[in-house]
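*Asks:* Residues per chain, in single letters:
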Amino acid sequence: MSSRTLRGAAALVGVADAASPTGELDTHGRALEAAMIHEALTDAGLTLDDVDGVTHAFSASGLAEYLGVQPRYLDSTMVGGSSYELHVEHAAAAIATGLCDVVVGVYASTPRSDRHRPGAGRRGMPPGPNPAFEWEVPYGLRLPIGGYSLAASRHMAQYGTTSEQLAQIAVDTRRWAALNPRARYRDLITVDDVLASPMVVSPLHLLDCCLVTDGAGAFVLVSAERARDLARPPVYVLGAATGGTHQMISEMPDLTVTGGAVSGPAAFEMAGIKHDDVDLLMAYDSFTITALLHLEDLGFCAKGEGGAFVADGKLGPGGSLPMNTNGGGLSYTHPGMYGMFLLVEAVRQLRGEAGDRQIDEHHVAVAHGSGGVLSTMGTVVLGTEETL
Amino acid sequence: MSDAAPAPTMIEPPVTEASAPFWDATREQRFVLPWSTATGRAVWFPRDVDPAAPDQPFEWREARGEGVVYAASVHHKVGPGRDPDDGPYVVALVELPEGVRMMTNIVGCPPDDVAVGMPVRLVWQPLSDGRNLPQFTPA
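Top line first, the protein sequences correspond to chains A and B.
So in the working numbering the end of the first sequence lands on 388, straight run, no missing numbers.
So in the working numbering the end of the second sequence lands on 139, straight run, no missing numbers.
Chain B with its partners taken away, still in its complex shape:
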């Protein structure tokens, strides 16, 4: 179940060949990351091919859905696609234990409570086509 806030107005993410496995998994609220078989490391963002080994497919593995806030900004003026009334909201970078860092929103708490170093956990924001957008909330 989603425990995210009501959907904001937003520009929903397109799906590419590279990211289809990621977005398909979100339909079942599974959070998966591509791993390079060449380097043995998780890769973010999803690429069409692994530049280190273009003929070897990525291995998609489920992630723990945990993270730590690396940087955070409270958007009083909103970004593209957002309704001006959606602000203030938090755009953050979150470091995952799998070794990658991703952009996300921190939801479910007052924006000014979000601090660098704060542990967070995954929540899902439903999108209009059945996919879900990964967001995070204080753990």
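So that you can see chain A by itself, here it is in the shape it has in the complex:
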């Protein structure tokens, strides 16, 4: 264990707290959290511009959006009162491995004054109202599709991307699903089928959308030393990184660029791989536009060229960039938070256990998850023993 110790790798350099003899504070919610963070940063001689990591027991993403921070590291581990010790533990490990440099963590709770504060006092819930109820819900935004439709409309207007090009992603993903006996949908489809399916929220059609299914998955991660003695060939984590930009779609800085433009290059650099090294891309396809943005932001093609890049069918069986070989969220399964299945399929392919859909070369895979409404991206590069 000594070679992997955190000892001395990270330091607490600023702190703040608030309490009162009355038992009540004048502020609450995000205002109180922002004041605490400002005070702790000032104590450290730092500002919000220095912050690239955010921890919060309920809503690291929402807190970061409120602060105007676009973090490379988020942790919303929630285990009760010891959550903040775990946040320090995880953040120290993140800093030690270069995932981030400056992490802020905060806690604010006002159960006593909440008693005479209308509409507040939901103990254990994120502080303050969800701003989406004020600034998005009244406009009738249908989530999640509405957010992705806005992104697609912007990409089309800015880069000339077409519905046909987006549809090609659904077509090629279905070709993979046809090879997976557990896939929800296995019948082949055409671009015309996608375009003829009902328009749900323009410019996205029904067949541009992922499924709603039951589903479950799990993983076990151990040290490299332990891995060598276990039953199956190890699949190693070669690189990993995060990129967060917002929580609400209306706060996304650029609707054509996700946090994958940060997490992708960082994970690839950590892994020491180039795009040509990637045998399999598992890229979260909640909608066709989601997968297209991943291809661009991960650097498989230039920004704006995703439509032309996918048009020749290279993502499907026999193509030069196998993507979502299980059939994806579009055709295999999608229970809501699909990222688990990206990892499971990547491991199966790298072990050579994928049956009819097994790819020929299988040394390096990228699992790229998308959370929220294009809000927080996580890239994991995986490799077999010979890639170490």
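One thing to keep in mind: the hints can contain errors.
Stated by the list, open to error - Dumping the calculated SDA-like pairs for lysine to any residue here, alpha-carbon to alpha-carbon at most 20 Å:
id, chain 1, residue 1, chain 2, residue 2
1, A, K314, A, H362
2, B, K77, A, R142
3, B, K77, A, L143
4, A, K303, B, V116
5, B, K77, A, K303
6, A, K314, A, D192
Please keep in mind that the hints were generated in silico from the structure rather than gathered at the bench.
Only a predicted model underlies this, so the values are computations on that prediction, with no experimental measurement involved.
Let chain A serve as the given structure and place chain B on it in line with the hints.
*Replies:* Frame of chain A, contents of chain B only:
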């Protein structure tokens, strides 16, 4: 005067401490934005405090009520609170000359006529309690 369409069914926005100045102004159909005295920039959405300077209040300034469509989606299937017959309607993001971008509806034209880059101007949708919801229509 409002020149918006008849009120759709909707989940009306709550008022928070942070946004009260915004919603109060809408009662007089004034469209105001919070400006940070620390950064000199308009802030959207309204926050309880300015994270860059938590002890300095925002300055509320009237906005021009103009904008340009940044992204637009026609909702054939409606969102929460909307009657299914309300569709299709346009949910859009509009960039304001004050330097912020907000979600809104584009009303007063056929939904499919709304395009990214289209100039739009403010209209008011009355809410049940005397407040008004800002929407936009082609300029």
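*Asks:* If you test the structure against every hint from before, which numbers come out violated?
*Replies:* 5
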